[in-house]
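Visitor: Okay, here's what each chain looks like letter by letter:
2 protein chains.
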Amino acid sequence: MQAAEWARDITDTLRGEDEQGALERLARLQPFDRAEVLAHLEPADRLRLVRAMPTSLAAETLEYLEPETQYRILDHLDEPLAAALLQAMSSDTVVDLLLALHPLQAAKLKAWLPSAYRERIDTLMTFPENTAGSLATIEYIAAREGWTVQQALDHVRKVGHDAEVVSYVYVVDARGRLVRVASLRELILADPRAPLTAVGRPDVIAVRATADREEAARLLTRYDFVALPVVDDQNRLLGIITIDDIVDVIHREATEDIQRLGGSVPLAESYFKTPVPVLFRKRVGWLLTLFVAEAYTGTVLRHFEDILSRVVGLAFFIPLLIGTGGNTGSQTVSTLVRALAVGEVTFRDWLRVLARELATGTLLGTVMAAAALVRAYTLGVGPQLGPVVAVTALFIVLWASMVSAVLPLLLHRLRVDPAVVSGPFISTLVDGTGLFLYFTVAQVMLRLT
Amino acid sequence: MQAAEWARDITDTLRGEDEQGALERLARLQPFDRAEVLAHLEPADRLRLVRAMPTSLAAETLEYLEPETQYRILDHLDEPLAAALLQAMSSDTVVDLLLALHPLQAAKLKAWLPSAYRERIDTLMTFPENTAGSLATIEYIAAREGWTVQQALDHVRKVGHDAEVVSYVYVVDARGRLVRVASLRELILADPRAPLTAVGRPDVIAVRATADREEAARLLTRYDFVALPVVDDQNRLLGIITIDDIVDVIHREATEDIQRLGGSVPLAESYFKTPVPVLFRKRVGWLLTLFVAEAYTGTVLRHFEDILSRVVGLAFFIPLLIGTGGNTGSQTVSTLVRALAVGEVTFRDWLRVLARELATGTLLGTVMAAAALVRAYTLGVGPQLGPVVAVTALFIVLWASMVSAVLPLLLHRLRVDPAVVSGPFISTLVDGTGLFLYFTVAQVMLRLT
Numbered sequence: 001m002q003a004a005e006w007a008r009d010i011t012d013t014l015r016g017e018d019e020q021g022a023l024e025r026l027a028r029l030q031p032f033d034r035a036e037v038l039a040h041l042e043p044a045d046r047l048r049l050v051r052a053m054p055t056s057l058a059a060e061t062l063e064y065l066e067p068e069t070q071y072r073i074l075d076h077l078d079e080p081l082a083a084a085l086l087q088a089m090s091s092d093t094v095v096d097l098l099l100a101l102h103p104l105q106a107a108k109l110k111a112w113l114p115s116a117y118r119e120r121i122d123t124l125m126t127f128p129e130n131t132a133g134s135l136a137t138i139e140y141i142a143a144r145e146g147w148t149v150q151q152a153l154d155h156v157r158k159v160g161h162d163a164e165v166v167s168y169v170y171v172v173d174a175r176g177r178l179v180r181v182a183s184l185r186e187l188i189l190a191d192p193r194a195p196l197t198a199v200g201r202p203d204v205i206a207v208r209a210t211a212d213r214e215e216a217a218r219l220l221t222r223y224d225f226v227a228l229p230v231v232d233d234q235n236r237l238l239g240i241i242t243i244d245d246i247v248d249v250i251h252r253e254a255t256e257d258i259q260r261l262g263g264s265v266p267l268a269e270s271y272f273k274t275p276v277p278v279l280f281r282k283r284v285g286w287l288l289t290l291f292v293a294e295a296y297t298g299t300v301l302r303h304f305e306d307i308l309s310r311v312v313g314l315a316f317f318i319p320l321l322i323g324t325g326g327n328t329g330s331q332t333v334s335t336l337v338r339a340l341a342v343g344e345v346t347f348r349d350w351l352r353v354l355a356r357e358l359a360t361g362t363l364l365g366t367v368m369a370a371a372a373l374v375r376a377y378t379l380g381v382g383p384q385l386g387p388v389v390a391v392t393a394l395f396i397v398l399w400a401s402m403v404s405a406v407l408p409l410l411l412h413r414l415r416v417d418p419a420v421v422s423g424p425f426i427s428t429l430v431d432g433t434g435l436f437l438y439f440t441v442a443q444v445m446l447r448l449t
Numbered sequence: 001m002q003a004a005e006w007a008r009d010i011t012d013t014l015r016g017e018d019e020q021g022a023l024e025r026l027a028r029l030q031p032f033d034r035a036e037v038l039a040h041l042e043p044a045d046r047l048r049l050v051r052a053m054p055t056s057l058a059a060e061t062l063e064y065l066e067p068e069t070q071y072r073i074l075d076h077l078d079e080p081l082a083a084a085l086l087q088a089m090s091s092d093t094v095v096d097l098l099l100a101l102h103p104l105q106a107a108k109l110k111a112w113l114p115s116a117y118r119e120r121i122d123t124l125m126t127f128p129e130n131t132a133g134s135l136a137t138i139e140y141i142a143a144r145e146g147w148t149v150q151q152a153l154d155h156v157r158k159v160g161h162d163a164e165v166v167s168y169v170y171v172v173d174a175r176g177r178l179v180r181v182a183s184l185r186e187l188i189l190a191d192p193r194a195p196l197t198a199v200g201r202p203d204v205i206a207v208r209a210t211a212d213r214e215e216a217a218r219l220l221t222r223y224d225f226v227a228l229p230v231v232d233d234q235n236r237l238l239g240i241i242t243i244d245d246i247v248d249v250i251h252r253e254a255t256e257d258i259q260r261l262g263g264s265v266p267l268a269e270s271y272f273k274t275p276v277p278v279l280f281r282k283r284v285g286w287l288l289t290l291f292v293a294e295a296y297t298g299t300v301l302r303h304f305e306d307i308l309s310r311v312v313g314l315a316f317f318i319p320l321l322i323g324t325g326g327n328t329g330s331q332t333v334s335t336l337v338r339a340l341a342v343g344e345v346t347f348r349d350w351l352r353v354l355a356r357e358l359a360t361g362t363l364l365g366t367v368m369a370a371a372a373l374v375r376a377y378t379l380g381v382g383p384q385l386g387p388v389v390a391v392t393a394l395f396i397v398l399w400a401s402m403v404s405a406v407l408p409l410l411l412h413r414l415r416v417d418p419a420v421v422s423g424p425f426i427s428t429l430v431d432g433t434g435l436f437l438y439f440t441v442a443q444v445m446l447r448l449t
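Sequence order for the protein chains is A and B. According to UniProt numbering, the stretch in the first sequence is residues 1 to 449, in order. According to UniProt numbering, the stretch in the second sequence is residues 1 to 449, in order.
One or more hints might be untrue.
No distinction is drawn between identical chains; accordingly, a pair holds when it is met within one copy or between any pair of copies.
Claimed, not checked - Straight-line C-alpha distance at most 20 Å; calculated SDA-like pairs for lysine to any residue: (1) Lys158 - Ile188; (2) Lys110 - Gly21; (3) Lys158 - Pro192; (4) Lys158 - Glu186; (5) Lys282 - Val367; (6) Lys108 - Ser90; (7) Lys110 - Leu394; (8) Lys273 - Arg352; (9) Lys108 - Ser167; (10) Lys282 - Leu354; (11) Lys158 - Arg185.
It is worth saying that the hints were derived from the structure and are not from the lab.
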């Protein structure tokens, strides 16, 4: 842990009454690392350094701290400094902070903001968590339609300090509607006297504030932008989403899908921040549901109790056969759920997917049938059981392939997250139906009635 | 599919001999969309438009096409045009193209490049696929230590057209070593007469070319950069990695982890690009391995054949109990594998992880024991089996929690991708050991010998 070492070093420097030295060391770090160091310091030292730092440096650092820590620091500073820091922080961080606080605490902080800024923050705060609007920041650079390139560049120089991303200048009309976008590169390379309307492009790719945050991620990924404008339903510019926030979204969405595929409800926080009772709650629902679903394997087995007691050897292969079915299903489901998530596959492809999975399943089933034959032989259960187990292995693999090819696509179509068809889900489904297959095959092939 | 419609529209325009109109329509699209449209066109129309497009527009478009399509286009153009396009494309795309081609085809294309550029491409081509170096592009903006801000800005204006990212200017010394970085924003806001050494920061965060690409992703995500410099072991600047390539890496790594967790070897290509025989090969290995591992459930069952034939009712609960163990394991494993991948958990946390999972497992196990008791009662297997099944449920859940907490951490420590501890893997492991637990509990509680 480098941050802990840095923090010790800075604490020592402070103890030696060399505040200037401590500040210089901090200033040399990247904002992320600086925040880590602050998080490791004693509260009193932390406050002392935040007070002594230039406002922009302090604000930049605060952005990387957790909301609770941000509040604890802001709450202990004098109001003018705290207000200045809050205004210098990027607006998406401020929104996250305000949403994480108790309403009374949030109201206190909001009272420090100038009313125009507060209104814009209020607008951003209305967008629910999974929307594009919730990711937006208002620190973008906007220019007016009638300006020249030189005017736009002068504007960048004036407001660029506060902007989160200066790669693009968004051109709006008199009613605030987004009509054009130009990259800073295009502005610098253009003739300064040219009208702004001669630079950049008119068909701006933007996302509606109410759209899903995944839609924003999809657009940014597809077009390789660094920032994406967010507009309301009248195409008025509300803010921008920056690529670093999208990277976080991509990480979070993948985490959620993996946890769902593992058969649990996604955790809202990171692993260690999730208390044990919450871990329990996120898991117990599916575990019980699957238990109830799996319970009908008992019903199937009792239904075939007679056959089972006449040929006890059949029981030896129960875990092996249903396990193989579950494994096949888990392989297919995970591949397809991911392909759906990244848009490689859609519902309209269902027939193609089914054909591919059945073809793959036939190959896999044949191999598993051969393996089952070998296993029956080595277990020495007599010559009759081998073919039963082999035929069942083929059928179960085919059955699992079919179910796990169709279900995720169907759920996607019904706008249910296909990741709820987890490995455990498909295993459970295949277990009961697989047992039914097994004993039916046994009944027919062994001529039992 | 919007691209298909656009393509039809453009084909019609071309048929009406309005090449200029078709070009204008194409130019208005984003590069990604333009490439999609080209991919939908007839080869002859495609070539005609590429020939008529301005070089920079054509190169930008080509970058979004697949290597095979890129080659098919370049191969049909006159050498001067093809060479110009190749040089205008970003170097990481050229490297990917050259690596995807047959060596003779690659040699033909390489011969068109100026020798200095060819040498730098050759250097980039030496880095293996999963390294940071393999993602690097040489279209960055470098400035010399001795320059002023004005000189640097003039240089940006001169070479900015070719750069992939103009957000940063990298300052190198006379030996090519990376000594400083300044953002374009800092340059624009600075006094033009100031020395370059007064702008930006000296401690540049960079990644070694030989480092894992995940390390580059981690750094970019952590520090919210738009591009990351890539250096050799003497800190000489080799290239930069841009955030859009990192976004692709993050997507790909998540896909690989999900496929591994589902119990298959990750696919190298997207789902529909993977032929059925390859799907089969990626899955059959684990399926057979798990089959062999699962086969010992047969051995365990045969070992307890005597007990099983005396109390056939025990068999009814086999799928239910081992299924619940597998589900618990799958939940834990997926959560931990992801936490390891994003760096939330490391091997040093193993004791904390184990404690948390055992605590969660105790809660879950208690609930599942109660559920098992209910199920035994509803299945009407007599009053003796209920307690056996309940106690086993608790033990199996605890056992699964323990194994799935420790194994991923251990593998991570041994530098094996923890995602190989897939859901199917942990289910299989828990199946055999769980059966052993079950019959041992039955033996003890039912006093069978």
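Visitor: Evaluate each hint against the coordinates.
Guide: The hints, checked one at a time:
no.: 1; hint: Lys158 - Ile188; result: both (15 Å within a copy, 10 Å between copies)
no.: 2; hint: Lys110 - Gly21; result: neither (34 Å within a copy, 53 Å between copies)
no.: 3; hint: Lys158 - Pro192; result: both (16 Å within a copy, 15 Å between copies)
no.: 4; hint: Lys158 - Glu186; result: both (18 Å within a copy, 12 Å between copies)
no.: 5; hint: Lys282 - Val367; result: between (38 Å within a copy, 14 Å between copies)
no.: 6; hint: Lys108 - Ser90; result: within (18 Å within a copy, 51 Å between copies)
no.: 7; hint: Lys110 - Leu394; result: neither (65 Å within a copy, 51 Å between copies)
no.: 8; hint: Lys273 - Arg352; result: between (43 Å within a copy, 12 Å between copies)
no.: 9; hint: Lys108 - Ser167; result: neither (34 Å within a copy, 37 Å between copies)
no.: 10; hint: Lys282 - Leu354; result: between (32 Å within a copy, 18 Å between copies)
no.: 11; hint: Lys158 - Arg185; result: both (17 Å within a copy, 11 Å between copies)
Hint compliance for this structure: hints 2, 7, 9 are not met, and every other hint is.
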